[in-house]
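So the chains spell out like this:
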Amino acid sequence: MCSRLIARVDSVCTHPVPMKFSVAFVMTLMLASVSMAQASVLFSTLERTLVVEAKIKEQEISSGIALAGVSHLVISWHLNESFPVSVGDKYVNVKLRLCYAPVSQIDRGWRKTNDDLHKDKTCTKGIAQQKYIFSGNSTTWRVTKDVPGAVYFVRAYAVDAEGNQLAFGQTTDKAKTANLITVLPISGRTGNIDIAAAIFSAFSVVSLTGFLGLESMRSKRTSK
Amino acid sequence: MAPNSDWQEGNAKGEPGSSLHGVTGREPVFQMTMETVGEKEATDLKGRKFALPVDSEHKAKTVRLYSVAAPHMRTFHLSWIAFMICFFSTFAAPPLMPVIRDNLGLTKVDIGNAGIASVAGAVVSRLLMGTICDLVGPRYGCAILMMITAPAIFCMPLVSTPVGFILVRFFIGFCLATFVSCQFWMSSMFNSKIVGIANGTAAGWGNMGGGIVQLVMPLVFDIIRRDIGSEKFTAWRIAFFVPGVLQVMMGLLVLTLGQDLPDGNYAELKREGEKVNDSFQKVFLYAVTNYRTYIFALTYGYCFGVELTVDNIIAEYFYDRFDLNLQTAGIIASTFGLMNLFSRPLGGVLSDVVAARWGMRGRLWNLWIIQTVGGVLCIVLGLTGQLGPAIAVMLIFSFFVQAACGATFGVIPFISRRSLGIISGATGAGGNIGAVTTQGIFFMSSKYTTEDGIMLMGIMIVACTLPVIFVHFPQWGSMFCPPSKATEEDYYISEWSKEEQSNGLHHASMKFAENSKSERGRQSPPRSKEETVVVEGV
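Residue numbers (the UniProt record's numbering), protein chains in the order written: chain A, 1 to 224; chain B, 1 to 538.
In isolation and in its complexed conformation, chain B is listed as follows:
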């Protein structure tokens, strides 16, 4: 087996950075030497045939959404449903806020603090989750996190003070780190050419949990009040058992049905395979000294962070400003999150489509345009005083803000090959930090009304997206500057010191550099054969 093919299949098994390798970025393979499975039926360690066509690493080459075949599609569905349920639990309180704030005597500051707390915990947990997945595997990472945070959800029915409420939302928020395990798992199961769509779809459908919860919780609350006859202040507490039980059930399903890698679980494979370990300090250093990391952490804070913020405030906003009842406000608020069904995947797809013609410069423009339009629509939303137009504006705004999230992860895989895992984790954490900051400035005190807060948040989105202009890749250029004479190899080899290069550690990066030449756009030299993504069922 040629030493190159390992890389071309998109595998860099065991190296940090490989954990989130190809996270939602489509990496078109430059040379078509992928072994097609047909000559020899691929089997896993136990000798069973795979249901999907696989590459030489046994990663799936297609995504069949209607299938639950083990291990690939089963993993896909387990993974995105687990992430969705965690989103559900984290944002279970906001749709019931009008009842909770009366029960606990909350002030606007308390509600603001709780909203911040709900997304702050994940800042740390997302950073740690990448390493945990590397060490014990995504199956354990995801299941352990879900089942450890479930008791926090069960504490919510017991809360009776504002401080208790804030603390409980903080601990529940830790489970948002399942985003990282979800993306890691997709990257282990799906070939690098389709991992972009697999990741984008899984992330988008997971984010939908923030929308579904706005529908389900008021409904459950209503059923408990009407059919069981509980008081309002008791009914919301009982309603919280729903996310808790769902999360425990899902954790158990992940443990029993999940599988770390196509060939089996980590424990089994560790005994047989070899793990190449990179130096954590080096990987960390290159992430921290790359200025693009910070720019994208900031911009992701103003697309995903805004999405988290809106998940927290939108139901209460419609309830208060337009005098709707809890169920109606919930239904309207849910449409925001439900747009994720297609808007986040589309953002990633748009990024790929634009890159085919204009390369990386196209991706950057695509991201900047989508996110800035989202910011403008946010300003308009704050200024809209009628119900019908407000709903319409919110829907269009949600599309753009979520597409911007997808588009961001179209660029991230190219920032660094060596430190991809940490950079992706930092970007995800940046999203949560953006949510914390935005809620802190605009939605905490009574200084701004909620509508003013939304309008100012829109202005901040536009301002914080401007740094994308400064992202410059020497080999591809930036939004306004053309590329210099540097090549992809120069850029990616600069992450390895002379000694490491002499030890041959940089080969994988070189293969990646070769593949990334597609980011030059259409004027790059014609390729002999180009594989297209096959996604069935989308």
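This is chain A alone, in the form it adopts within the complex:
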């Protein structure tokens, strides 16, 4: 059987290119289907052991309007006192993330919430990562210019050494309707872009009319 297989492969190598491609495809298919299944953490299994607060620094309020590129968020977190300190024994780091509120997820499948945290797209913007201590910590973060205009809350994941989520805390309630922060984005337009666009457009139209005019003048001259 092996010799037949080898003879087969040999014959494929002498066959034209399409045959080689189809063999390559089949092998890719086989290799790709043996994909490693990673253990996925479900959000519903996480306990809410952290308390997180976020404030817009310039206005000293916890919900309101922040400007991308300008405003700062002051985020502070600590272990909820109603839990014993031993709960945090396995926590190594705390990851702070900016998460979309449900109102900003409507009709936008690329921001969808999924219980499987490997597939979850709610909290795609990372803010900071800090070492875990039960008494907590805080950080000041300037809302970066690439944050899209949307309504957000802040969530903190307690993770172990491999990065698997063990617990969480967030600035809003379970329904994700309270204490939300609205970010107003930058437009991305600059004065230079506006000017360049105007110049290039004008060039296109003017050179076209110029050419056509020239050619019609030339043909009128030769026909006379």
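Honestly, I wouldn't trust all of these hints.
As the list claims (entries may be wrong) - Straight line, CA to CA, 27 Å or less: simulated DSSO-like cross-link-like pairs of lysine-lysine:
id: 1; chain 1: A; residue 1: Lys57; chain 2: A; residue 2: Lys131
id: 2; chain 1: A; residue 1: Lys119; chain 2: B; residue 2: Lys447
id: 3; chain 1: A; residue 1: Lys90; chain 2: A; residue 2: Lys131
id: 4; chain 1: A; residue 1: Lys125; chain 2: A; residue 2: Lys112
id: 5; chain 1: A; residue 1: Lys131; chain 2: A; residue 2: Lys55
id: 6; chain 1: B; residue 1: Lys447; chain 2: A; residue 2: Lys112
id: 7; chain 1: B; residue 1: Lys447; chain 2: A; residue 2: Lys121
id: 8; chain 1: A; residue 1: Lys145; chain 2: A; residue 2: Lys121
id: 9; chain 1: A; residue 1: Lys119; chain 2: A; residue 2: Lys90
id: 10; chain 1: B; residue 1: Lys447; chain 2: A; residue 2: Lys174
id: 11; chain 1: A; residue 1: Lys174; chain 2: A; residue 2: Lys112
id: 12; chain 1: A; residue 1: Lys119; chain 2: A; residue 2: Lys145
To be verified - Pair ranges (Cβ atoms, derived):
id: 13; chain 1: A; residue 1: Val70; chain 2: B; residue 2: Ser160; range: 15 to 21 Å
id: 14; chain 1: A; residue 1: His72; chain 2: B; residue 2: Leu158; range: 29 to 35 Å
id: 15; chain 1: B; residue 1: Leu341; chain 2: A; residue 2: Thr113; range: 38 to 44 Å
id: 16; chain 1: B; residue 1: Asp323; chain 2: A; residue 2: Leu214; range: 52 to 58 Å
id: 17; chain 1: B; residue 1: Ala51; chain 2: A; residue 2: Gly69; range: 57 to 63 Å
id: 18; chain 1: A; residue 1: Phe203; chain 2: B; residue 2: Gln327; range: 28 to 34 Å
id: 19; chain 1: A; residue 1: Gly64; chain 2: B; residue 2: Gly164; range: 25 to 31 Å
id: 20; chain 1: B; residue 1: Phe480; chain 2: A; residue 2: Leu214; range: 56 to 62 Å
id: 21; chain 1: B; residue 1: Asp222; chain 2: A; residue 2: Asp107; range: 24 to 30 Å
id: 22; chain 1: A; residue 1: Glu215; chain 2: B; residue 2: Ser160; range: 35 to 41 Å
id: 23; chain 1: B; residue 1: Val109; chain 2: A; residue 2: Lys220; range: 50 to 56 Å
id: 24; chain 1: B; residue 1: Asp222; chain 2: A; residue 2: Ser86; range: 46 to 52 Å
id: 25; chain 1: B; residue 1: Leu158; chain 2: A; residue 2: Thr124; range: 26 to 32 Å
Hints in this document: simulated from the structure, not taken from any laboratory.
Using N, Cα and C, we set each Cβ at its ideal position, and we do this for glycine too.
Starting from the known structure of chain A, fit chain B onto it as the hints suggest.
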């Protein structure tokens, strides 16, 4: 010069329908009375010799892909590059969609509308372009369209609302009508025996623009972000100057280097030649009353329309479903369009090969099989959840869908001789309408996920290819029915009224009917000499 030879050289100068005469259909010449150029060196109006062998009309008899000799090969290259750049501009937004949707706050409905808008404009512009080429020539048609739509491309960097985005994509989409000027130009420059391959290659390489853009735009975006240090929301705007500048440059090149006909430009030739004008109403009537026009407009909507749809959604699909970064998603998405390098020309070649043995019935079966297999593969693509297999399926799917486009234009030239231009334009427009419909139903709302949309699109492809079964030519038959006793002459003469026949207007159609006897397949009477296509450099 015998009155027949004009026709046999594939020329019907000036008649509407001649504009897209022989569009990608190989028309084997039945009688071999083509004048060979050797006894007398052919020269153009200015007395210069042609670089390629030409027929009595000065149309090239071969295609030399590595040459840029004026006028034939220069036209070939100008034409397909211009069409490719228009494809590039129309589909410049989709690979950057993950950035644009965040900048403008787009919802899935907005993105869907923009995708529809990008292909909807060309429905009208493709229908008009055939007439424009007839009137002012393909050089002006192509260049004017490109340079008028360039400002729309430059408006994209200024867009800040979803409505603005949709409007700008709509206006940019008009430039897809360069497909028509490209095919028209090929038909004017290349002999009817090789015009099929010239057209198929030019169309296929032009469609590649939809693939190249998926590679180039993320790359340009990345360079601008890294090396110039712009913010994401600014970098994509600057990246849009690339297609804009390319389009203006190409428009200028077409104006300066292009030439309408082998002998010169329209303006010069109009002063000397005669133009025979057919009646637009008659030509339109015969196109509109031929049921095959509608069937092929529908089926082309589900091969070319699907190609346009996939160009619009595939990068975002890979980015979202498989969690890739922008550049990787772009590279994978680009392979879809790049398959056009050979798949569309091969579709046309397959159609010709099958026709040599089985005639028109073979062509119809060929088209139906290729397009249906494409539909099945589309269903499989939607169901595939792993990255490797998804890429493999997408590649095979792209081959079949693009080959179906080539195969469609293997049949179109035979539907009507008189109304060929309008039917070809209607088919092209049908392709865009298919894209509009498909995106509207499956990729607009959040009712279907993108993968479900792809799977349902596959089912629709299979369903909308079934009407090919009903295409029946009395002289050649259909997929399941043999031919009746009618002849090719009966079919093509039915487009001319008794008065027109008495005026002798139908002679060109009769010559075409004679030539089209090859569509009977191998059991047709043996021919004395058969010319083979000479394509160098392929």
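Evaluation of the provided hints:
no.: 1; hint: A:Lys57 x A:Lys131; result: holds (23 Å)
no.: 2; hint: A:Lys119 x B:Lys447; result: holds (20 Å)
no.: 3; hint: A:Lys90 x A:Lys131; result: holds (12 Å)
no.: 4; hint: A:Lys125 x A:Lys112; result: holds (14 Å)
no.: 5; hint: A:Lys131 x A:Lys55; result: holds (21 Å)
no.: 6; hint: B:Lys447 x A:Lys112; result: holds (14 Å)
no.: 7; hint: B:Lys447 x A:Lys121; result: holds (19 Å)
no.: 8; hint: A:Lys145 x A:Lys121; result: holds (20 Å)
no.: 9; hint: A:Lys119 x A:Lys90; result: holds (24 Å)
no.: 10; hint: B:Lys447 x A:Lys174; result: holds (26 Å)
no.: 11; hint: A:Lys174 x A:Lys112; result: holds (16 Å)
no.: 12; hint: A:Lys119 x A:Lys145; result: holds (25 Å)
no.: 13; hint: A:Val70 x B:Ser160: 15 to 21 Å; result: holds (18 Å)
no.: 14; hint: A:His72 x B:Leu158: 29 to 35 Å; result: holds (30 Å)
no.: 15; hint: B:Leu341 x A:Thr113: 38 to 44 Å; result: holds (42 Å)
no.: 16; hint: B:Asp323 x A:Leu214: 52 to 58 Å; result: holds (54 Å)
no.: 17; hint: B:Ala51 x A:Gly69: 57 to 63 Å; result: holds (59 Å)
no.: 18; hint: A:Phe203 x B:Gln327: 28 to 34 Å; result: holds (31 Å)
no.: 19; hint: A:Gly64 x B:Gly164: 25 to 31 Å; result: holds (28 Å)
no.: 20; hint: B:Phe480 x A:Leu214: 56 to 62 Å; result: holds (59 Å)
no.: 21; hint: B:Asp222 x A:Asp107: 24 to 30 Å; result: holds (29 Å)
no.: 22; hint: A:Glu215 x B:Ser160: 35 to 41 Å; result: holds (39 Å)
no.: 23; hint: B:Val109 x A:Lys220: 50 to 56 Å; result: holds (53 Å)
no.: 24; hint: B:Asp222 x A:Ser86: 46 to 52 Å; result: holds (47 Å)
no.: 25; hint: B:Leu158 x A:Thr124: 26 to 32 Å; result: holds (27 Å)
Checked against the numbered hints above, the structure breaks none of them.
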